[in-house]
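*Asks:* Following the hints, put chain B in place on chain A, whose structure we already have.
Chains as they are written, first to last, in the working numbering: chain A, 1 to 103; chain B, 1 to 308.
Check each hint, because a few of them may be wrong.
[Unchecked claim] With a cut-off of at most 20 Å between alpha-carbon atoms, the simulated SDA-like pairs for lysine to any residue come out as follows:
{"#": "1", "chain 1": "B", "residue 1": "K178", "chain 2": "A", "residue 2": "Q88"}
{"#": "2", "chain 1": "B", "residue 1": "K45", "chain 2": "A", "residue 2": "A73"}
{"#": "3", "chain 1": "B", "residue 1": "K270", "chain 2": "B", "residue 2": "L256"}
{"#": "4", "chain 1": "B", "residue 1": "K45", "chain 2": "B", "residue 2": "P73"}
{"#": "5", "chain 1": "A", "residue 1": "K94", "chain 2": "B", "residue 2": "K38"}
{"#": "6", "chain 1": "B", "residue 1": "K178", "chain 2": "A", "residue 2": "A92"}
Because the hints were derived from the structure by calculation, they are not lab data.
Here is what each chain is made of, one letter per residue.
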Amino acid sequence: MALEYAQAIYINDGETITFAQLVERSGLTADELGDLIECGALTDEGASAAAARFSERCVLVARTARRLRDEYALEDSHALAVVVRLTQRIDALKSELRRRRGR
Amino acid sequence: MKYKDYYASLGVPRDADADAIKTAYRKLARKYHPDVSKEANAEEKFKEVGEAYETLKDPEKRAAYDQLGQYAPGSDFRPPPDWGQAHAGGQQFSFDDLDLADLFAGLAGRGRGAPRGDRPIPGNDYEAAVHLTFEQAFAGTELELDLAAIEYDEQGRARRVPHRMKVRVPSGVTDGQKLRVPGRGGKGLRGGRDGDLYLDIEVAAHPVFRVDGMDIHVDLPLAPWEAVLGASVELPTPAGRVTLKVPAGTRAGQKLRLGGRGMARSDGTKGDLYAQAQIAVPTVTDEAQHKLYEALRDASNFDPRAHL
Numbered sequence: 001m002a003l004e005y006a007q008a009i010y011i012n013d014g015e016t017i018t019f020a021q022l023v024e025r026s027g028l029t030a031d032e033l034g035d036l037i038e039c040g041a042l043t044d045e046g047a048s049a050a051a052a053r054f055s056e057r058c059v060l061v062a063r064t065a066r067r068l069r070d071e072y073a074l075e076d077s078h079a080l081a082v083v084v085r086l087t088q089r090i091d092a093l094k095s096e097l098r099r100r101r102g103r
Numbered sequence: 001m002k003y004k005d006y007y008a009s010l011g012v013p014r015d016a017d018a019d020a021i022k023t024a025y026r027k028l029a030r031k032y033h034p035d036v037s038k039e040a041n042a043e044e045k046f047k048e049v050g051e052a053y054e055t056l057k058d059p060e061k062r063a064a065y066d067q068l069g070q071y072a073p074g075s076d077f078r079p080p081p082d083w084g085q086a087h088a089g090g091q092q093f094s095f096d097d098l099d100l101a102d103l104f105a106g107l108a109g110r111g112r113g114a115p116r117g118d119r120p121i122p123g124n125d126y127e128a129a130v131h132l133t134f135e136q137a138f139a140g141t142e143l144e145l146d147l148a149a150i151e152y153d154e155q156g157r158a159r160r161v162p163h164r165m166k167v168r169v170p171s172g173v174t175d176g177q178k179l180r181v182p183g184r185g186g187k188g189l190r191g192g193r194d195g196d197l198y199l200d201i202e203v204a205a206h207p208v209f210r211v212d213g214m215d216i217h218v219d220l221p222l223a224p225w226e227a228v229l230g231a232s233v234e235l236p237t238p239a240g241r242v243t244l245k246v247p248a249g250t251r252a253g254q255k256l257r258l259g260g261r262g263m264a265r266s267d268g269t270k271g272d273l274y275a276q277a278q279i280a281v282p283t284v285t286d287e288a289q290h291k292l293y294e295a296l297r298d299a300s301n302f303d304p305r306a307h308l
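Next up, chain A with everything else stripped away, as it sits in the complex (with noise of 0.2 Å):
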C-alpha cells in the first residue's frame, strides 16, 4: 500500500461558503439548518439572507448537528438546535477547564 502524504491546516475562518454548499456539506436539510441559525448554534457571516456565508467552522457545527440527529433519532429541528447549543456550552466549559487547568 503506497504511503501517502498530507498537511493537517487549522481551520480557516477567513474563507466561507454558502448556503447551498452548507446543506451539501452538512447533510443537514434547509429546515434544519434554519432553526440552528436561529438559535444562534451557526453564524451567518453574509450582508443580507441572500447572500449568507457560512465559515469552515460552521461545517463542523452543522456536521455535529447531523451526527447527533441521526444518533439521537431526533426528528424535531428545534429540539436539535437546542442540543447543539448545549453542545457548544459543553464545549466551551471543557475549553475553560482547559485554560484553568494550564495556570
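*Replies:* Frame of chain A; chain B shown alone:
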C-alpha cells in the same frame, strides 16, 4: 460476511413495527451514547445498536435485510443468489471485503439500482482522534494514520479501501483543537468534491509545562534568599534550558514573563512562557544556619500578616 441479528441488537421481535424499533433504539442510544454513558462497553454497544437501527428504520433496507435470511449471529453467510438483483439493482459486491453494515451503506440512496442522473456526489468527511505528547504539539510532528474508507466506483459498487498516510501536524496545536486535512475524506463521485479528514487533537498533560491558550506556564521554585536578593537561575523551556534573571524582591505567585516562548500560532507569532515563583522553605538541621535564621528574625520587622 458475518451475520448480525439486528432485531436482537435492538431487543425487538422481527415483526416489530417502525415505532417500536424507533422507541427501542432511542432507549438504547440514551443508555450507550459515548457522550453520556458510563457503561464499560458503551462505545461498542452504541455502534452495534446504531448499525442495527440504520438498517431497520428504512423500510427498503429492512426488507432487503429480512430477505438475507436468518442465521446464527457471528456465522459466515452469503446473501441468496438473486438478492443483489432484487435489492441492489444488480450491483456486484465483493462480500469478502465488506461487513453487513458496509453492505447496507452501499445501498443508501441506491436501493433502486445505480445512481440516477449526472449529479455530482460529494465524498463523506471523516474524523479521527489523534493523541500527541506535549513535545509533539509544541514542535509539530508527522503522524502515520491507517484509515479504511468506503469508496464507490462509477457503477456505485462499494468497497473498503485502506489508506496509509503520513500527516504533517503544524506546531502549536492545543488539546481539543480540530485540524482539517483537505481532500483526504471519502472520494466524491461524478466530479463531486472529495471529503475532508478532520483530526480531533488530544494532547497529554506534561509533568512540568501547563498550556493556557497559546501561553505556557511553569512553576519556578526559589530559595528564600534568591527571592529576596534576586538570582540568575536555570529554567527549563520546551525549546531548551535558559538562564532567567529573577529580580530582587520577587514574591510568591509572581509571574515572570519570557516573551515569545509559548505555543506557535497559525500566523507565525508565538505565545509567552510564564515562570510562576514559588518560595521553597529549606529544612534546616545545621546549627549554624539555624542561628543565621534566628538573627534574621530578630533583625527584621517584616510582618507578612499585617493586612489581616
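*Asks:* Each hint should be assessed against the structure and marked as holding or not.
*Replies:* Results for each hint:
1. Between K178(B) and Q88(A), the direct Cα distance comes to roughly 14 Å. Compliance with the 20 Å bound is thereby established for this hinted pair.
2. For the hint linking K45(B) to A73(A), the alpha-carbon distance of about 16 Å falls within 20 Å, and the restraint holds.
3. For the hint pairing K270(B) with L256(B), the CA-to-CA distance comes to about 17 Å; that is within 20 Å, so the pair holds.
4. With a C-alpha separation of about 15 Å, the suggested pairing of K45(B) with P73(B) holds against the 20 Å cut-off.
5. Taking the CA atoms of K94(A) and K38(B), the gap is near 18 Å; set against the 20 Å cutoff, the hint holds.
6. Restraint check for K178(B) and A92(A): satisfied, since their Cα atoms lie roughly 14 Å apart, inside the 20 Å limit.
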